[in-house]
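A.B. asks: Protein chains in written order, with this note's numbering: chain A, 1 to 291; chain B, 292 to 473; chain C, 474 to 655.
Source of the hints: derived by calculation from the structure; they are not laboratory data. Any given hint could turn out to be false.
Distance condition first, Cα-Cα at most 27 Å in a straight line; then the derived DSS-like pairs of lysine-lysine [as the list claims (entries may be wrong)]: (1) B/Lys444 to C/Lys613; (2) B/Lys444 to C/Lys476; (3) B/Lys444 to C/Lys506; (4) C/Lys614 to B/Lys423; (5) B/Lys423 to B/Lys436.
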Amino acid sequence: MGEGGWELKTQNCELESVVSIGRLLTVYSPAMMTTVEPESNVPPVELTVFSGPLDLLLHLIRKNEVSIYDIPIVSICDQYHTHLRAMRELDLDVAGDFLWMASWLLHLKSKMLLPSVVESEEDPRDELVERLLAYRRVKELASYLHDSDIVRRCLWAPDVETSISSLAEPELDWEDVDLRLLAQTYLEVMQRFEASHPPPIEVLPLRYKVEEKMSDIYQRVNMDGLVPLLRDLNSRSDPEEVVAVVVAVLELVRLRGVFAEQRKAFAEIYLRPGDRQLSNRELLHHGENSG
Amino acid sequence: MDKETLTASIEAILLTANGPVAVSALVEALDEKDVGAEEVKNALTSMVVAWDRPESGIRLEQVADGWRCVTPPALDIYLRSYHGIAARQRLSQAALEVLAIVAHRQPVTLPEINFIRGANSASVVRTLLERKLLRMAGRKKVVGKPFLYRTSKEFLIHFGLERPEDLPDPEELVRDETISAD
Amino acid sequence: MDKETLTASIEAILLTANGPVAVSALVEALDEKDVGAEEVKNALTSMVVAWDRPESGIRLEQVADGWRCVTPPALDIYLRSYHGIAARQRLSQAALEVLAIVAHRQPVTLPEINFIRGANSASVVRTLLERKLLRMAGRKKVVGKPFLYRTSKEFLIHFGLERPEDLPDPEELVRDETISAD
Chain A
1 MGEGGWELKT
11 QNCELESVVS
21 IGRLLTVYSP
31 AMMTTVEPES
41 NVPPVELTVF
51 SGPLDLLLHL
61 IRKNEVSIYD
71 IPIVSICDQY
81 HTHLRAMREL
91 DLDVAGDFLW
101 MASWLLHLKS
111 KMLLPSVVES
121 EEDPRDELVE
131 RLLAYRRVKE
141 LASYLHDSDI
151 VRRCLWAPDV
161 ETSISSLAEP
171 ELDWEDVDLR
181 LLAQTYLEVM
191 QRFEASHPPP
201 IEVLPLRYKV
211 EEKMSDIYQR
221 VNMDGLVPLL
231 RDLNSRSDPE
241 EVVAVVVAVL
251 ELVRLRGVFA
261 EQRKAFAEIY
271 LRPGDRQLSN
281 RELLHHGENS
291 G
Chain B
292 MDKETLTASI
302 EAILLTANGP
312 VAVSALVEAL
322 DEKDVGAEEV
332 KNALTSMVVA
342 WDRPESGIRL
352 EQVADGWRCV
362 TPPALDIYLR
372 SYHGIAARQR
382 LSQAALEVLA
392 IVAHRQPVTL
402 PEINFIRGAN
412 SASVVRTLLE
422 RKLLRMAGRK
432 KVVGKPFLYR
442 TSKEFLIHFG
452 LERPEDLPDP
462 EELVRDETIS
472 AD
Chain C
474 MDKETLTASI
484 EAILLTANGP
494 VAVSALVEAL
504 DEKDVGAEEV
514 KNALTSMVVA
524 WDRPESGIRL
534 EQVADGWRCV
544 TPPALDIYLR
554 SYHGIAARQR
564 LSQAALEVLA
574 IVAHRQPVTL
584 PEINFIRGAN
594 SASVVRTLLE
604 RKLLRMAGRK
614 KVVGKPFLYR
624 TSKEFLIHFG
634 LERPEDLPDP
644 EELVRDETIS
654 AD
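Take these sequences, add in the hints, and give me the full structure.
C.D. replies: What follows is the structure in structure tokens.
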């Protein structure tokens, strides 16, 4: 075992191509090697070392040249753990699947080390062998698909116009319309609907009651005789309160309980008592309407 | 580049191009030392002759901005016929939208579908009824008593569902159908 | 219909079609008394031979229960150059494994895929759905009603298969029992 278990880096280069990017490591399985050809200028972003724990196990079995039906669990388990340690040292994100397999191997190792009580007892490795065989079949088929993909991706379909214009076929093949496409389409339609039907602007009730401001100003005007409205408004920092005061003043003017005077444009607006005495009922009645 | 590869490459480019192709674009795409505008033009002229045979379904013609492939007008009748047949196996975007609305909001009326899509969907609904993907399911008890539509049994079979209730919540499906299944 | 027109019509249909064309669709589109499936098949077989020449930029292939035209792989370099395509996204090892599992055992659920691969495949499945190489095919009638997945028509077209069953038996692909093949 080499340092950190990455001896394949130097010894098995013809089998596994290893690309070092900083401290990260990319190992391509043989099937992937052919795709490393610089067809693209995009650097390989996939930093999966092995496509899963079974892939790593198969690699160890092949490297040790042992039979898949008679796996030396103790030694393979140790090598597996060395690999995991190396992957962590390299800051690779070791998925839970790898850890799960690690504990399974430990479990098998302990079982193998125990003296066999009954001769006819099932080999504890059976399930692992079965899964490795099934996975190897998947890998073989994947490698076949990979080779096929290399050639087939180079094929282009024709795009010929006809002399008749109205031939455009509907774009979707019914055979390939599945639940996901249906759900996506529904969400798109609803998004479009919501975009063209924005929710109505919600008018929040004023935090300041107009009728309160009315009696407030009415009393001040009657007490002081003269109230500079603009200066009063400038002293209030909350725009909502300013709105409430303005509405209250307009209402008071309408009811002739207050008069407003301005000498010239932009000059101060003075409020003084009007020619009508307002009752409390009149002041409150307004509040009932404006809510 | 030998003459045969030149002809084959030009043919492949013309057939896969969407619209007329200029000679200069061909020369640039081939990018070989021995291929110039003259060679390409000669190849094109030979192709015009070679393709102009009764058993050929395609013609080469020179238009204002280059060369393009077209089907001979005499074959229009068969092309029209084929594309009509092909359309039956296909679905327009509008039809998919109506299907999605009915699937997720059934039972639903045509005015409701129109309102959601913002487009009249009467003919699309009719087509989907003919294709037996939708079915009528009574009338809604509102003014005008519009028909209610639901998805059909064929619809369920196509999507591998037993009941309309098995239809997954679209938000959930698109967001994390593959994660939640774990 | 004479033989030449038959060939020309088929060629025109195949070149303008959007995907593989079934023999039955060709027969229906031609709709002539003397044209049956046999005549169409014979014409197609002759066309395969006739198009398989170095100066031809197009080939005929049988895929996904139909026939379609494609350019020969060797011309890809010129086509990429003309269409300005630098590289295509390729399938990762994990994606190929998931495709192999689904192709071989469909319909199959995500938990089943995860178990066979020994690794979580949720994001890979999602990518393959988005690339339309897989499709959802209903839900399995077990607790949790997990979604079932199948390979799509696009999968067959991309990998040049008539049916998913045409994939080789992985058992036969495994060459050595002791030392895993590579």
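A.B. asks: Now tell me, hint by hint, if it's right for this structure.
C.D. replies: Against the structure, the hints come out as follows:
This hinted pair checks out: B/Lys444 and C/Lys613 have alpha carbons roughly 18 Å apart, not beyond 27 Å. Of the supplied pair hints, the one linking B/Lys444 and C/Lys476 is violated, its CA atoms being roughly 44 Å apart against a limit of 27 Å. Taking the CA atoms of B/Lys444 and C/Lys506, the gap is about 37 Å. The hint is violated against a cut of 27 Å. In summary, the hint linking C/Lys614 to B/Lys423 is supported, as the alpha carbons are separated by about 25 Å, within the 27 Å threshold.
About 23 Å separates the Cα atoms of B/Lys423 and B/Lys436, which keeps this hinted pair within 27 Å; it holds.
Consistency with the previously given hints fails for numbers 2, 3, ordered from lowest to highest.
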